[in-house]
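Peer 1: Protein sequence lines, in the order shown, are assigned to chains A and B. As numbered in my numbering, residues 1 to 176 make up the first sequence, in order. As numbered in my numbering, residues 1 to 282 make up the second sequence, in order.
There could be a bad hint or two in this list.
Calculated pairs, BS3-like style, for lysine-lysine (alpha carbon to alpha carbon, straight line, at most 27 Å) [as the list claims (entries may be wrong)]:
1) 102/A - 19/A
2) 19/A - 124/A
3) 124/A - 160/A
4) 23/B - 9/A
5) 62/B - 2/B
6) 62/B - 124/A
7) 102/A - 124/A
8) 23/B - 7/B
9) 19/A - 40/A
10) 149/B - 40/A
11) 163/A - 124/A
12) 9/A - 2/B
13) 244/B - 40/A
14) 9/A - 19/A
15) 7/B - 9/A
16) 9/A - 40/A
17) 244/B - 149/B
18) 9/A - 102/A
It is worth saying that the hints were derived from the structure and are not from the lab.
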Amino acid sequence: MLEVEAGAKTLIRFTLNGKPVQTEAETRMQLADLLRHVLKQYGTHVGCEHGICGACTVLVDGRAVRSCLMFAPQVEGATVITIEGIAGEDSELNDLQMAFRKHHALQCGFCTPGILASATQFLKERADVDEQETRGMLSGHICRCTGYSSIVEAILATAKSRKTQNHEPNSTERDK
Amino acid sequence: MKPAAFKYMRADSLEEALSVLAKYGDDVRVMAGGQSLGAMLNMRIVSPSILLDINRIFALSKIESSDTLVTGAMVRQADALSDAIVRREAGLLAQALPHVGHYQTRNRGTLGGSVAHADPSAEIALVLATLGGEIELRSARRVRRVAAKQFFRSSLVTSRGGDELITALYWPGASPDQRTAFVEFAVREGDFAIVAIACVFQEVAGRMRLGFGGCGEVPQVVEIPITTGTSTRSVEEIAQHLSKQLECRSDLLASSDYRRSLATTLARNAMMASMEKARADA
Chain A
1 MLEVEAGAKT
11 LIRFTLNGKP
21 VQTEAETRMQ
31 LADLLRHVLK
41 QYGTHVGCEH
51 GICGACTVLV
61 DGRAVRSCLM
71 FAPQVEGATV
81 ITIEGIAGED
91 SELNDLQMAF
101 RKHHALQCGF
111 CTPGILASAT
121 QFLKERADVD
131 EQETRGMLSG
141 HICRCTGYSS
151 IVEAILATAK
161 SRKTQNHEPN
171 STERDK
Chain B
1 MKPAAFKYMR
11 ADSLEEALSV
21 LAKYGDDVRV
31 MAGGQSLGAM
41 LNMRIVSPSI
51 LLDINRIFAL
61 SKIESSDTLV
71 TGAMVRQADA
81 LSDAIVRREA
91 GLLAQALPHV
101 GHYQTRNRGT
111 LGGSVAHADP
121 SAEIALVLAT
131 LGGEIELRSA
141 RRVRRVAAKQ
151 FFRSSLVTSR
161 GGDELITALY
171 WPGASPDQRT
181 AFVEFAVREG
191 DFAIVAIACV
201 FQEVAGRMRL
211 GFGGCGEVPQ
221 VVEIPITTGT
231 STRSVEEIAQ
241 HLSKQLECRS
251 DLLASSDYRR
261 SLATTLARNA
271 MMASMEKARA
281 DA
């Protein structure tokens, strides 16, 4: 059993975007703050800090989760992927990101890293995607710019092109 | 908003978790998926001196079915939703789960955590109460099973003792003639249900159980005699009659009158849907 006194820091080791990380944090620190303030990965955005807005969504062991509702020591041993790790190693946008650009699925971009995390898992676990299901998944995110339709289009288009081209996932995706 | 400082204890086994609860009791908040508790900690609605993280007790993540479907307290809502045994043995739960939070919170939120939290609008608690299910509670002293009906006392209040941990949920099996329906209304998808209805129609036995969630502080379950031949008009009258007797609270989302009116409509819809399924399968 791990026991950490209130206010004390604890050692946390995990894999972040394919690289091993070893750091220290207070146990009450939100994962979102660990990523931003300690590890200086500012791509994860913080909106509401109580699990409603979806901006801080990241992939933990392949699953889209709210990084404001996980505390730092909970990712010990986990594989975490943030927006910084969603594109390929050469930082080229992946097909989903390209579709977001093509379909104007973002405007200010604040909600986008979270939505891309959710859409990454969503597309990976199903070959066929319908609009209703996509909108259901997106109900966990708040976007105040787009009205969502263009985001739905981008996700549906990505699903379609992956299916028709029998898309070969790139290495970062396979790691998820 | 950030949580107040807490002592963090992460149990690797059930025994460790129970010993922490035995020693510190009500000073402890147990964190399962943390999708409600995390928000409450961040907003400092709660500030426990000890946070007991049970996410590494893998023994609590099992889904088993012999006579009765038993789900470990730490089964994630997303895993229950995609589980073939759950779909087969507890169709009503599978129907309700898409309404629980969002895609992202179901990835982490658990069945046991939702039951422990006991939010009045919670779908999992409603289904468990409607099916006549039970909650398994363990402490260092004993194991006991409590009927859902007795477990939920009030909004966010349960009969769990300070030294107890919810370890499993028991979902009574469906009879072959059983048809179910789940309907709810929330302002947006994934929001708290203003009213949710779980419906179990046993065609051969000629009875129906209706669970009303979101209305009162706890799920309210009633049983009525009914057959597939019951007219639409009678169904409407029954729905109205049942709703009149409901405890309906008022809050920022809705008045008690609105809840009662909504409960009438949704109860009728749920009853009609389950009867329609029975007719279609006949």
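Peer 1: Now, for every hint given, state plainly whether the structure supports it.
Peer 2: Here is what the structure says about each hint:
With a CA separation close to 30 Å, the supplied pair residue 102/A and residue 19/A exceeds the 27 Å bound. Restraint check for residue 19/A and residue 124/A: the C-alpha separation of about 22 Å stays at or below 27 Å, so the hint holds. Among the hinted pairs, residue 124/A with residue 160/A is consistent with the structure: their alpha-carbon atoms are about 13 Å apart, no more than 27 Å. Our distance criterion of 27 Å between C-alpha atoms is met by residue 23/B and residue 9/A, whose separation comes to about 24 Å.
With a C-alpha separation of about 33 Å, the suggested pair residue 62/B and residue 2/B falls outside the 27 Å cut-off, and the hint is violated. At most 27 Å may separate the alpha-carbon atoms for a hinted pair to count; residue 62/B and residue 124/A meet this at roughly 24 Å. For the hint linking residue 102/A to residue 124/A, the alpha-carbon distance of about 20 Å falls within 27 Å, and the restraint holds. Pair hint residue 23/B plus residue 7/B holds up; C-alpha atoms about 14 Å apart against a cutoff of 27 Å.
Distance check on the hinted pair: residue 19/A and residue 40/A sit about 14 Å apart at the alpha-carbon level, within 27 Å; holds. At most 27 Å may separate the alpha-carbon atoms for a hinted pair to count; residue 149/B and residue 40/A exceed this at roughly 49 Å. For the hint linking residue 163/A to residue 124/A, the alpha-carbon distance of about 11 Å falls within 27 Å, and the restraint holds. Only pairs whose Cα atoms come within 27 Å are accepted, and residue 9/A paired with residue 2/B is accepted, the gap being roughly 16 Å.
At most 27 Å may separate the alpha-carbon atoms for a hinted pair to count; residue 244/B and residue 40/A exceed this at roughly 57 Å. Under the criterion of a C-alpha separation no larger than 27 Å, the hint pairing residue 9/A with residue 19/A is consistent with the structure, at around 22 Å. Restraint check: the Cα-Cα separation between residue 7/B and residue 9/A comes to about 11 Å, which is no more than 27 Å; the hinted pair holds. As the CA atoms of residue 9/A and residue 40/A are separated by approximately 18 Å, the hinted pair is consistent with the 27 Å bound.
About 21 Å separates the Cα atoms of residue 244/B and residue 149/B, which keeps this hinted pair within 27 Å; it holds. Straight-line distance between C-alpha atoms of residue 9/A and residue 102/A comes to about 44 Å, which puts the hinted pair past the 27 Å bound.
Taken one by one, the earlier hints fail for this structure at numbers 1, 5, 10, 13, 18, listed in ascending order.
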